[in-house]
Amino acid sequence: MIIEVKKLKKTYEGEVPTHALKDINFGVKKGEFVALMGRSGSGKSTLLHQLGLLDTPTAGKVIMDGIDIVSFSEKEKSEFRLKKLGYVFQSYALLPELTALESVYLPLMISNIDKGEYIKKASKMLKKVGLGDRLHHLPKEMSGGEQQRVAIARALVNDPMILFADEPTANLDSESSKVILKLFKELNKDIGQTIIMVTHEPDDEKYVDRVIWLKDGLIKK
Amino acid sequence: MNIKASFFLAATSIKRGNKGTLAMTILIMTLVYINLVFISSVFGGIVEAINTQSINNQYGNIVIEPEIDERYIKNRKAMELINTIPGIVGSSAHYVDNPIIRYDNRSDGMDVKSGRWVLKSITPSDEKTVTDIHKSMIEGAFLEEADRYEIMIGKEVAGGHGGDLDHLSLGVSVGDKIDVNFSNGITREYTVKGIFSTKSTQVDQMVFVTKKEMESVLDVHNWASEVLVKIEKLGSEDEYIDKIRGLGLYNEDIKKWSDLMGFTSSASSSFTMISLILGAIGTIVAGVTIFIIIFVSVVNNRKQIGILKAIGMRESTIILYFVLQALFYGIIGVMFGAAIILFGIRPYFISNPLDFPVGWVSLKVTFDIIRISNISLIVAALIGGFLPAYRGARESILKSIWG
Chain A
30 MIIEVKKLKK TYEGEVPTHA LKDINFGVKK GEFVALMGRS GSGKSTLLHQ
80 LGLLDTPTAG KVIMDGIDIV SFSEKEKSEF RLKKLGYVFQ SYALLPELTA
130 LESVYLPLMI SNIDKGEYIK KASKMLKKVG LGDRLHHLPK EMSGGEQQRV
180 AIARALVNDP MILFADEPTA NLDSESSKVI LKLFKELNKD IGQTIIMVTH
230 EPDDEKYVDR VIWLKDGLIK K
Chain B
17 MNIKASFFLA ATSIKRGNKG TLAMTILIMT LVYINLVFIS SVFGGIVEAI
67 NTQSINNQYG NIVIEPEIDE RYIKNRKAME LINTIPGIVG SSAHYVDNPI
117 IRYDNRSDGM DVKSGRWVLK SITPSDEKTV TDIHKSMIEG AFLEEADRYE
167 IMIGKEVAGG HGGDLDHLSL GVSVGDKIDV NFSNGITREY TVKGIFSTKS
217 TQVDQMVFVT KKEMESVLDV HNWASEVLVK IEKLGSEDEY IDKIRGLGLY
267 NEDIKKWSDL MGFTSSASSS FTMISLILGA IGTIVAGVTI FIIIFVSVVN
317 NRKQIGILKA IGMRESTIIL YFVLQALFYG IIGVMFGAAI ILFGIRPYFI
367 SNPLDFPVGW VSLKVTFDII RISNISLIVA ALIGGFLPAY RGARESILKS
417 IWG
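These protein sequence lines map, in sequence, to chains A and B.
Under the working numbering, residues 30 to 250 are what the first sequence spells out, in order.
Under the working numbering, residues 17 to 419 are what the second sequence spells out, in order.
Honestly, the hints are just simulated from the structure, not real lab data.
Values in this document were obtained by computation on a predicted structure and should not be read as measured data.
Virtual Cβ for every residue (Gly too), placed ideally from N, Cα, C.
There may be inaccurate statements among the hints.
[Claimed, not checked] Below, computed lysine-lysine pairings styled on DSS-like, alpha-carbon distance capped at 27 Å:
#1 A:Lys90 x B:Lys20
#2 B:Lys271 x A:Lys113
#3 B:Lys20 x A:Lys106
[Unchecked claim] Just the calculated beta-carbon pair ranges, DEER-fashion:
#4 B:Lys415 x A:Asp232: 27 to 33 Å
#5 B:Arg32 x A:Lys35: 54 to 60 Å
#6 A:Gly159 x B:Arg32: 20 to 26 Å
#7 B:Lys35 x A:Asn54: 52 to 58 Å
#8 B:Met17 x A:Asp232: 57 to 63 Å
#9 B:Phe383 x A:Lys149: 58 to 64 Å
#10 B:Ser412 x A:Val240: 37 to 43 Å
#11 A:Glu44 x B:Arg32: 41 to 47 Å
[Claimed, not checked] Partial chain B-side listing against chain A, Cβ under 8 Å, derived:
#12 Met17
#13 Ala26
#14 Ser29
#15 Val134
#16 Gln221
#17 Leu234
#18 Asn238
#19 Lys319
#20 Gly328
#21 Leu414
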């Protein structure tokens, strides 16, 4: 198992505490393409945030590649996110002043890779997602689908162990959505990329190996 | 921390960000810098004008006075040798008295004005090497060596020249005759030869006769009540005091001009203090301005900060990214501001000095003012940039991205 989730809980404190995740247990094999599905408020995005080290669970364990990541310090979390994880957000999340190429090589630059190498690697990754002719375009000069593909290239450029995608097609038209999901499927098949994707589209089920259904903070059996 | 990534992001943000905002930010920083330097330089100019007035018109650089309980300096040889010390521009020996001066306007005893003023005797050629009073004549002429019954008076004594103490003045002009009743009881009549205005109220309340005339009144020869000494290099007074003492003036009271400044010294200190306070306020304003600029940038880039953290960028790298931007604004502000001050404002005020009661005031832009202003603005930029960046970078990723 590349990911093992044990008795994971997340409660948001307030006047009335909200138990977003109650007792989550599951595993993901290396090379699996898993979808987290469920209604709004079911806890699917909250679960993805806990797995992707974007948030800290209230209780439980998340073991990735044999390491319990829950107890990491902020510094270790940054390092782990940089080297082992990739993210694709719903709203592209590109820096407006960076070109496609710069957005993609930024994680490599942070990893202290040589300039020549990171430019080469980022260019190659952009070509792989079909944006070989958009290297020097700013986000405002690209369509939504193209921007999301830049975000995917950025997420993959560091060869992450796991790619997390949080409703990656929510802001795209149906054609662009198909392109993105096909790309995910290809990455999963061709290079064995492990992908965990949150989606609310039932049609997306056909692209994934397995669906984990959530309801009220629990996995639906 | 990844300095390369911080630098890359800061440079890209400045290069590709909104040009109007960039221009406005640089303009604000430049104006803040000019404000810092200008205020300090104007006050520096005022202090310098006060000091220059005191040196050039009242004290020279060094004043030698008699030893305690003595009325005169009697070491003639030592006084003659002062001018032989290398680096001394000149010296001028004075007799000083405090006589009653009287002017009978209609010569009938019906319209008499009188008062007690400081009278000094000078050797005109010596005085010209120490003070600039000879350059400040507004009516008539400066005394000459051969003059005996001529007197030169300040505008506050003469009156009618817009002085501060016109109500106490004699109301005389060049050519009028006045009686001087010396403290030893001798009274002599003098013709007003010249009236001077030095912009120093203290000096403009003095009157001068020649040394020869004064010695005949006091019945002394080649002594002095005080000797003013002018040196080439301002700030080396202590060194020259030692040399002067070495001539044999061991017990005389020898002081630097700054020790004799009295109320002008406190005015000068007050101006320095006001300058420091305004400088500190200017620096705080600069810091707050940069804080607001970077705060707005952090708020506008909140989502981007979350993304950068999500892809593995450390908080310290993100903070540095914003601090470098602030530093850029600060450095550009310093460069533009210094250029405008040094090549625009300063030359203008040298050509067109401001007319202050203490004298003509120009901007005194010193290396210290430039250095302190540079450091102040850059430190203000660093602090003003760091605080909002730290706050923004510390926010949780989810809160940054989704609010």
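Check your understanding: Checking against the hints above, which ones are violated?
Key -> 1, 2, 5, 8, 9, 10, 12, 13, 15, 16, 17 and 18
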